[in-house]
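Residue numbers (my numbering), protein chains in the order written: chain A, 1 to 753; chain B, 1001 to 1154.
Since the hints were made in silico from the structure, they are not lab data. Keep in mind that a hint or two might mislead.
[Stated by the list, open to error] Dumping the calculated SDA-like pairs for lysine to any residue here, alpha-carbon to alpha-carbon at most 25 Å:
(1) A:Lys-337 with A:Asp-456
(2) A:Lys-264 with B:Asp-1030
(3) B:Lys-1126 with A:Ser-686
(4) B:Lys-1055 with A:Trp-684
(5) A:Lys-601 with B:Arg-1127
(6) B:Lys-1089 with A:His-90
(7) B:Lys-1055 with A:Thr-691
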Amino acid sequence: METKRISRRQFVKGSGALIVSFNFLGPVSRVLGQNETFANTDPEATALDSWVSIAQDGSVTVFTSKVDLGTGVVTALSQIVAEELDVPFHRIHMETGDTSNTIDQAATVGSRTIERGGPQLRQAAAAARQELLKLAAVRLETPVEQLTVSDGVVSVIGSPAKKISYANLIGGRRFDVKITATGVGAAMNVAAEVRAKDHKEYKIVGTSVPRIDLPPKFTGEFIYTPDVRVPGMLHGRVVRPAVVNSKPLNVDETSIAQIAGVVKVVQEGSFVGVVAKTEWSAIQAARTLKVTWSTPATKLPANNDELHAYLKNTKSFAERVVADKGSLEPAFSQAAKTFEATYHWPFQLHGMIGPSCAVADVQGNKATIWAGSQGTFNTRRQVAEMLGLPEKNVRVIYRESAGCYGRLSPDDVPQDAALMSRAVGKPVRVQWMREDEHAWEPKGPAQLMTARAGVDAQGKVIAWDYMDRSFPWTTTGMVLLASRQVGLKPKGQGIPNGTDGGGEIYSFDNQKVVAAAIPWLHPDPTPLRTSNLRAPGDLARTFASESFMDEIASSLAVDPVQFRLRYLSSSKRPTDALLAVTKKAGWQERPSPAPASNGSKAKGRGVAVGNRSNTMTAAVAEVEVDRATGKISVKRVVLAHDCGLIVNPDGLTNQIEGNVIQGVSRTLMEEVQFDASGVKNLDWASYPIITFQDAPEVDIVLINRPEMQPLGGGEPSIVPVPAAIANAVFDAIGVRLREIPFTPERVLSALKA
Amino acid sequence: MARISLTVNGKSHVVDTDPSTPLLYVLRDDLELNGPRFGCGLSQCGACTVILDDKSVRSCGLPVSAVGSRKITTLEGLGSVARPHRLQKAFIEEQAAQCGFCMNGMIMTAKVLLDKNPAPTDVDIKRALNGNLCRCGSHVRVVRAIKRAASMKA
Chain A
1 METKRISRRQ
11 FVKGSGALIV
21 SFNFLGPVSR
31 VLGQNETFAN
41 TDPEATALDS
51 WVSIAQDGSV
61 TVFTSKVDLG
71 TGVVTALSQI
81 VAEELDVPFH
91 RIHMETGDTS
101 NTIDQAATVG
111 SRTIERGGPQ
121 LRQAAAAARQ
131 ELLKLAAVRL
141 ETPVEQLTVS
151 DGVVSVIGSP
161 AKKISYANLI
171 GGRRFDVKIT
181 ATGVGAAMNV
191 AAEVRAKDHK
201 EYKIVGTSVP
211 RIDLPPKFTG
221 EFIYTPDVRV
231 PGMLHGRVVR
241 PAVVNSKPLN
251 VDETSIAQIA
261 GVVKVVQEGS
271 FVGVVAKTEW
281 SAIQAARTLK
291 VTWSTPATKL
301 PANNDELHAY
311 LKNTKSFAER
321 VVADKGSLEP
331 AFSQAAKTFE
341 ATYHWPFQLH
351 GMIGPSCAVA
361 DVQGNKATIW
371 AGSQGTFNTR
381 RQVAEMLGLP
391 EKNVRVIYRE
401 SAGCYGRLSP
411 DDVPQDAALM
421 SRAVGKPVRV
431 QWMREDEHAW
441 EPKGPAQLMT
451 ARAGVDAQGK
461 VIAWDYMDRS
471 FPWTTTGMVL
481 LASRQVGLKP
491 KGQGIPNGTD
501 GGGEIYSFDN
511 QKVVAAAIPW
521 LHPDPTPLRT
531 SNLRAPGDLA
541 RTFASESFMD
551 EIASSLAVDP
561 VQFRLRYLSS
571 SKRPTDALLA
581 VTKKAGWQER
591 PSPAPASNGS
601 KAKGRGVAVG
611 NRSNTMTAAV
621 AEVEVDRATG
631 KISVKRVVLA
641 HDCGLIVNPD
651 GLTNQIEGNV
661 IQGVSRTLME
671 EVQFDASGVK
681 NLDWASYPII
691 TFQDAPEVDI
701 VLINRPEMQP
711 LGGGEPSIVP
721 VPAAIANAVF
731 DAIGVRLREI
741 PFTPERVLSA
751 LKA
Chain B
1001 MARISLTVNG
1011 KSHVVDTDPS
1021 TPLLYVLRDD
1031 LELNGPRFGC
1041 GLSQCGACTV
1051 ILDDKSVRSC
1061 GLPVSAVGSR
1071 KITTLEGLGS
1081 VARPHRLQKA
1091 FIEEQAAQCG
1101 FCMNGMIMTA
1111 KVLLDKNPAP
1121 TDVDIKRALN
1131 GNLCRCGSHV
1141 RVVRAIKRAA
1151 SMKA
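Using the sequences plus the hints, can you model the full thing?
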């Protein structure tokens, strides 16, 4: 595999192609003419050739708009296709996220790629296999029922000498076959009538195939977005105000006259950028350019108190009732004991290690964009709209970015690059600087959760009333930054921040769970604009609901695991996850808090259950709290994970480890600081994230359910982590923390309270 | 502009550039080496790490004119997919990355560590890498990969 990749790379280089791409470049797509930059029409979902092609050497190219965000999902999708087609894994090549040759299967978001994109590709592969069998039946003069396939070779059952390879059947030629495809995007059903393999026949799905993208990532041979180089390419940097609705009253170009290599100061509407011959010139020019900005029309809340008051007092524009059962108020009036608590989640950063970057080449009425967008078709639409071009005149080519956890779902930088490229008539690569990214990336929304519960005289929870008040993803309602700066109008308030995690997995006699979306700084995007951040909404909601469960259990002096099991009675999968995690963690049954300990460091353990996108998780965190300094050390996290059928166990384990560690970071350390004029933490020193010395040990229990469809693994495992830590801290020191992050200062002040 | 001589991965280069340009941009844009990556430009994250002689250095903050006669090694200088260095081999075997964007810094920092301390403990490794940020949470695997590399023959 590796040799093939290198020779392919050298081939591309030698052939004078503009872009040297190392990853996922299949050798055959070109035979189908799918490399035409601007086709008159998009590929059709009902053409088998739009999904799969087989080269003369028998290698298989799969075309998909689903992209790898550094999670290894393309390896898993390759396994699914190899399995269904009965070809060796290493013969599969994935062409991902190029709008010119893929079908829009929706953006890569929400841990839905395996769940939804997987079956789409599986069915396309099954349809291709069926077609190949039909062709083989003619060539081998044998009915399809008497044929078998192994490693891309069709043979007659019982007469293995009678055989023909996929390459000989169709290599280098089109299928020219129609398949069914109904619905659009993630909901599209592809070749639904074709029977796919039973899971009992799986040989490749379910194995830990090493990730195809990793080796070149360790050697510098992988091509990420910032590595795209186009001949004649210039370098751009953005110059942004404190809030986007300020206008540049004056741009003083003489202020950068001394900087060599500046090509142009680009100003269009309120957008300002500089284009230069080298990166360093562009950086210096962007830093030095004197721009006088108008006083912003929008003010941000000045501090957390104002923010919390805003969340509490502002009328929602959408409410999703997740559970509504029984009658709450009569139940509360019968309760022997009631509980009430409020929890806060701050704005947080996605914090891509590599800031946003894209290359745009706008020539006449056509534009080519190289971007790390999670949805290249969305980017195509957005760029086309801003430039006033038909969508078919814009081609977006995916190149992987740094891990983005939702940040590149609204991908701003392609528009910046497109504006600058159009202004200079040359390809322009725009790299956001660290401060651009920290200031202007759309933040994970702040949330305010309130919970009330009533317990009867026997200690049974008879009422559960849970409300989440969250900002939506404003970037889904507003146009992107550059669009807004050139005057495009916003389109709505934005999509609400998810729904799961308010305790709806538990069965209480009287229960209400509501997720409310609070309008946010509409219509002007500000540095506190928002978007989906890993396990959006669910993370905060579960932090609150699972902390609250613990508060009740503790008050009733019941072991927190036993307490949860009482109300999970009818749900097998979360129960199994909870039992699995407690077994692995060696959970000692007793109520929290732990018996008081001496010494400066207190130890505790906490548990939490999570559900997201139908994937079930349960976590146990073991912590040590330093009473003198307030520092929490998460020593170990054990996590049980059930996402149905597991496609690649090691790939999944890798994802879970990452989710857990990122979850610890977001719980203990992360909060966007802001004041009325903007974001205050513009670097890693002021927005610290977890480092090696603080990363916990992670133990994982994978629950495989081969009889189920595979579900997502990209983000559900972060969901129970914050509450498990909160509960462990309570177990250790008997103090309840209800506001993220759990900084040493907050711990100390809670200990004093 | 000035003509500056550099030795990178054993080869001599002369670049014509503004001498204040940070080394990172010269390596990436003039020499087309993609191993060192732009992460912050503030010497905070480690993604741009290269080795100068035998020390790891943040190339985003070092003017190219300050390199002098020191030999520069980038990730490409360690090995390739076809001929990986033992660290690269160990990282592959441990599948020690997710997005991989920070891995240049992890591997280059680990190289300097192993050169000085051929048998590091977990504590040594975590201390050496503590200034290298990883957002995907590959920390556990990175530590394992470095231990694995240490156990391989150099």
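Here's how the hints hold up against the structure:
1. A:Lys-337 with A:Asp-456: holds, 7 Å
2. A:Lys-264 with B:Asp-1030: holds, 21 Å
3. B:Lys-1126 with A:Ser-686: holds, 22 Å
4. B:Lys-1055 with A:Trp-684: The hint holds at about 23 Å.
5. A:Lys-601 with B:Arg-1127: holds, 22 Å
6. B:Lys-1089 with A:His-90: holds, 19 Å
7. B:Lys-1055 with A:Thr-691: The hint holds at about 21 Å.
Every hint, counting from the list given before, is met by this structure.
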